[in-house]
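Chemist: The primary structure of each chain is shown beneath.
Protein chains: 2
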Amino acid sequence: MTTDWLEQIKWTEDGLVPVIAQEESTGKVLMLAWMNRESLDLSIKEGKAIYWSRSRQRLWRKGEESGNTQKIREIRLDCDNDVILIKVEQSGGIACHTGRHNCFYQRLENGNWVTVDPVIKDPATIYK
Amino acid sequence: MTTDWLEQIKWTEDGLVPVIAQEESTGKVLMLAWMNRESLDLSIKEGKAIYWSRSRQRLWRKGEESGNTQKIREIRLDCDNDVILIKVEQSGGIACHTGRHNCFYQRLENGNWVTVDPVIKDPATIYK
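Protein chains in written order, with my numbering: chain A, 1298 to 1425; chain B, 1298 to 1425.
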């Protein structure tokens, strides 16, 4: 198998691509993170989302601490070849480090960002 | 009304934020584009998605040529304050400049990006 598919992606100057993770069962958008060639290749080989942490500058195996892994069901690329959408099965029903289902829990209401989704599990008990 | 909500967003060095557009009625992810402060503020005032075109370096009123505007139903911000999710009503049922419903029409299958969604309308008849 060639790696043409990897080279067809338009990587940023930093060698990254934004990845939107969407929960297959609910259609909810869980998060946006970044991958580099290695993390995308590994994600496919292992069938689980492995991102590139820009803050820590290292591979970030989603769920490595929390156990809340993301099993990949489908991988799509957009028309400009510079954004990836993965459809995943979210273990534990929690994608966000705040202990919420997904990361988009702040809604704009009359000029304020209002937290509208509940914490499902206290992060202190997720990350030890 | 203050613009604190604008300043609470973590803008990139270029003053941009990635915006995921999701179709409210179907839950499908339509596209990812970028906004700057002005385009986000205008989007809210006009109730329609107005992006910042990085390639053209100007405001991009989604649908300005095609008529396929995106009416904004909800705006959400993620846990890191650096990604926005908008839920929209997609006019014409076409978000992609290729004439497809959305931009994520290439699916990875056995190491190849395969186009799996149909062109709904010939782009030549959309953009004159």
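The hints are simulated quantities; they were obtained by calculation from the structure and are not laboratory data. There may be inaccurate statements among the hints.
Copies of the same chain look alike in the list, so a pair counts if it fits in one copy or across any two.
Simulated crosslink set (DSS-like; lysine-lysine; CA at most 27 Å straight-line) [stated by the list, open to error]:
no., residue 1, residue 2
1, Lys1307, Lys1418
2, Lys1368, Lys1345
3, Lys1342, Lys1418
4, Lys1368, Lys1307
5, Lys1368, Lys1425
6, Lys1368, Lys1342
7, Lys1307, Lys1342
8, Lys1345, Lys1325
9, Lys1325, Lys1307
10, Lys1345, Lys1425
11, Lys1325, Lys1368
Chemist: With reference to the structure, classify each hint as holding or not holding.
Modeler: Comparing the hints with the structure gives:
1. Lys1307 <-> Lys1418: between (37 Å within a copy, 26 Å between copies)
2. Lys1368 <-> Lys1345: This pair counts as within: shortest intra-copy Cα distance 5 Å, inter-copy 34 Å.
3. Lys1342 <-> Lys1418: The answer is neither: 30 Å in one copy and 36 Å across copies each exceed 27 Å.
4. Lys1368 <-> Lys1307: within (24 Å within a copy, 29 Å between copies)
5. Lys1368 <-> Lys1425: Within one copy only: 23 Å inside, 43 Å across.
6. Lys1368 <-> Lys1342: Intra 11 Å, inter 39 Å, cutoff 27 Å: intra-copy only.
7. Lys1307 <-> Lys1342: within (21 Å within a copy, 33 Å between copies)
8. Lys1345 <-> Lys1325: both (18 Å within a copy, 21 Å between copies)
9. Lys1325 <-> Lys1307: both (26 Å within a copy, 23 Å between copies)
10. Lys1345 <-> Lys1425: within (22 Å within a copy, 43 Å between copies)
11. Lys1325 <-> Lys1368: both (15 Å within a copy, 19 Å between copies)
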